[in-house]
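Chains as they are written, first to last, in the working numbering: chain A, 884 to 1243; chain B, 884 to 1243.
FYI, nobody ran anything at the bench for these hints, they're computed from the structure.
Keep in mind that the hints are not guaranteed to be accurate.
All copies of an identical chain are treated as equivalent in the list; a pair is satisfied when it fits inside any one copy or across any two copies.
[What the hints assert, rightly or not] Pairs of lysine-lysine, DSBU-like flavour, derived with a Cα cap of 35 Å:
| hint | residue 1 | residue 2 |
| --- | --- | --- |
| 1 | Lys1014 | Lys886 |
| 2 | Lys979 | Lys1188 |
| 3 | Lys1084 | Lys1014 |
| 4 | Lys1188 | Lys1036 |
| 5 | Lys886 | Lys1188 |
| 6 | Lys972 | Lys1192 |
| 7 | Lys1192 | Lys1014 |
| 8 | Lys979 | Lys886 |
| 9 | Lys920 | Lys1192 |
| 10 | Lys886 | Lys1084 |
| 11 | Lys1188 | Lys1014 |
| 12 | Lys1188 | Lys920 |
| 13 | Lys920 | Lys1014 |
| 14 | Lys972 | Lys1014 |
| 15 | Lys920 | Lys886 |
| 16 | Lys886 | Lys1036 |
Listed below are the residues making up each chain.
There are 2 protein chains.
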Amino acid sequence: MLKPGDTIGILGGGQLARMIAMAAAPLGLKAHVFAPKGDNPAFEVSGHFTEANYDDFPALSAFSEAVSVITYEFENVPAETAAFLDSRKPVLPNPKALETTQDRLVEKTFIRSLGLSCPDFIAVNSLEDLKAAVSSLGTPSILKTRRFGYDGKGQARIADEASISSAWDDIGHAPAILEAYVPFSREISVVAARSQSGDVKAFEPCENEHRHHILSRTLLPAAITPRTGWAAIEAAERIGAALAYVGVFAVEFFVVGSGDDETLLVNEIAPRVHNSGHWTIDGAETSQFEQHVRAIAGWPLGSTKRRGKIEMINLIGDDVENWPDLVAEPGLKLHLYGKREARPGRKMGHATRVTPEKDT
Amino acid sequence: MLKPGDTIGILGGGQLARMIAMAAAPLGLKAHVFAPKGDNPAFEVSGHFTEANYDDFPALSAFSEAVSVITYEFENVPAETAAFLDSRKPVLPNPKALETTQDRLVEKTFIRSLGLSCPDFIAVNSLEDLKAAVSSLGTPSILKTRRFGYDGKGQARIADEASISSAWDDIGHAPAILEAYVPFSREISVVAARSQSGDVKAFEPCENEHRHHILSRTLLPAAITPRTGWAAIEAAERIGAALAYVGVFAVEFFVVGSGDDETLLVNEIAPRVHNSGHWTIDGAETSQFEQHVRAIAGWPLGSTKRRGKIEMINLIGDDVENWPDLVAEPGLKLHLYGKREARPGRKMGHATRVTPEKDT
């Protein structure tokens, strides 16, 4: 168990690392951020940082000496890096969670092994595999690289048989899966934390809207039945337990049908704090970032109680130019990430509106 | 007007500077902390800091080059330091506010000049002055140094005529005032912000309990009449306007009498974020720290709406040893300041309980 004054090591220097570091401070914990050279806004809020590559083992060794526990902001931590660090200091969530979620084929096989549903999928290693998979799953369907996919990267939609070979080119002939298209009615996610003692606390499921494959808005309460909400939380609990997970994770679901016919399909698991949990900073009694810090510190989890009706809006690319209007909106909570350049598709910040429910 | 990416300079490296820096980050503003060598917990949450004395003018000059605006966490910034910096970059709140509040005699004269009441006082420059003052104001009365007093430092209570000369020794024969003892029923404060356009937003008056002259608990709502609450806010607005103040400040009051007979006496003005405003981090839509940053950045002030019934408890000295119980209390928000050593009387952190009022 960590005590105040101890230091948490964080791999990655982006907005998630930044918000983890900011959540550690009020708990009396220091943050040490490790990230390769680049635009690392997490360095701005931390008195300790290392600028080095993830395969710089002397730097990783010194970093491990300086911290009590190590966590990460992204699922693509190289396996060698995770193993090297884990032999020196506890890496939480554990490297097994990384291994399971870094590869879509492994991830989906794991999800099914827990008795949970996900869209139909077939492994694809060649153009011939892909043609056979399309015959089997039909069109439209989605070709996704097994590794390094996020925010729609490494994905190609196959609208008809004529687009098979261009899709295969689009993903660079990488090992992949073909996934059946799911005519979902909405997308939801559960952000949950699992403590070192195995206690799980989930935030209420939230509804997510995407634009160009990037999260655009998160809304609570989600327009789902209570039964669907409980099923989503139960699925997250089952996933957390099977991974012997410690920390915050997110499970994204497709909701198919509506009312009494609503069913859930797991879309993906993120072994980290998640964009769809950003609303918790202002809208819940404990933020997902504080919850993550509590979990990896070996402390009890905090209350996940929601403070009202929520709308979280991502500020993507040029959206951030709108900051003067956003800071002027009464009650709106602005979170800018301190990135130097607003490139298209880049997450520059978010804004949250919390409306007390007695007022609605 | 500052824009995201700009840097705020902060004089002082303690918990107030730390919480200002932490409030600047989500607004996309960087913080650069300037403080003498020592235990500076604000350095832990800031990517930029200068460790130098307040009379190190080359260091101050470099600091002023690195920032867009300069603020401070304590009222005892040396006048020369403030003037040197103010000639290079805007110092907010302005040095006049410092000058007025650094000296109890100047401060109380200023308060009276606005038509506001404060306890009777007499300037004391010698033992003879003190004897005469005690004859005039009676006992008990309080001898206070004109400068450098906080948390009961530089004060001596005069219970009777026999204790005059030991009180004079206690404060080191420094220029002082003798203040009449006020049989107050409670102490309240107003934490307010004034923007660059002269807009004032006050948080609701809070009730403060002290132990050994140090703030122990802050409670909201305060047990005062609505009329007293409005009078306190009106007094704060008058003070802010007269100082052409920009930023957050606090006005502490004694409440004398009760019910329809309640009257207010101004105790002191703090030209900075204030311990009695710490509840706003968790209990108001905008924290006093964010409000201060908004004001000095030239941005509009945020909503001061309160989220529920509030109890803020200071963790003084060894109180902080109780952290395992505090982190385990559902819904309690813990704020540790990251100080290295828990000396008696030292503010080590605070904890806030917010109870939604519909539940009470």
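Outcome of the hint check:
Taking CA atoms no more than 35 Å apart as the test, Lys1014 paired with Lys886 passes in neither setting, with 56 Å inside one copy and 53 Å between copies. For the identical chains of this complex, Lys979 and Lys1188 are intra-copy neighbours only, at 30 Å inside a copy versus 45 Å across copies, given an alpha-carbon limit of 35 Å. For the identical chains of this complex, Lys1084 and Lys1014 are neighbours neither inside a copy (43 Å) nor across copies (66 Å), given an alpha-carbon limit of 35 Å. For the homomeric pair Lys1188 and Lys1036, the shortest alpha-carbon distance inside one copy (34 Å) is at most 35 Å, but the shortest distance between copies (42 Å) is not.
Taking CA atoms no more than 35 Å apart as the test, Lys886 paired with Lys1188 passes in both settings, with 25 Å inside one copy and 34 Å between copies. Taking the closest pair of Cα atoms, Lys972 and Lys1192 never come within 35 Å of each other, the shortest separation being 40 Å inside a single copy and 42 Å across copies. Taking CA atoms no more than 35 Å apart as the test, Lys1192 paired with Lys1014 passes in neither setting, with 46 Å inside one copy and 64 Å between copies. With identical chains, the CA atoms of Lys979 and Lys886 are at most 35 Å apart within one copy only, with a shortest distance of 26 Å there and 43 Å across copies.
Taking identical chains as interchangeable, the C-alpha atoms of Lys920 and Lys1192 are never at most 35 Å apart, the minima being 40 Å within one chain and 46 Å between chains. With identical chains, the CA atoms of Lys886 and Lys1084 are at most 35 Å apart within one copy only, with a shortest distance of 22 Å there and 38 Å across copies. Neither within a single protomer nor between protomers do Lys1188 and Lys1014 lie at most 35 Å apart by alpha-carbon distance, with minima of 48 Å and 60 Å respectively. Neither within a single protomer nor between protomers do Lys1188 and Lys920 lie at most 35 Å apart by alpha-carbon distance, with minima of 38 Å and 42 Å respectively.
With identical chains, the CA atoms of Lys920 and Lys1014 are never at most 35 Å apart, being 41 Å at best within one copy and 68 Å at best between copies. In the homo-oligomer, the alpha carbons of Lys972 and Lys1014 never lie at most 35 Å apart, since the shortest distance is 46 Å inside one protomer and 67 Å across protomers. For a Cα distance limit of 35 Å, the shortest separation of Lys920 from Lys886 qualifies both inside one copy, at 31 Å, and across copies, at 25 Å. In the homo-oligomer, the alpha carbons of Lys886 and Lys1036 lie at most 35 Å apart only across protomers (32 Å), although the nearest pairing inside one protomer, at 40 Å, exceeds that limit.
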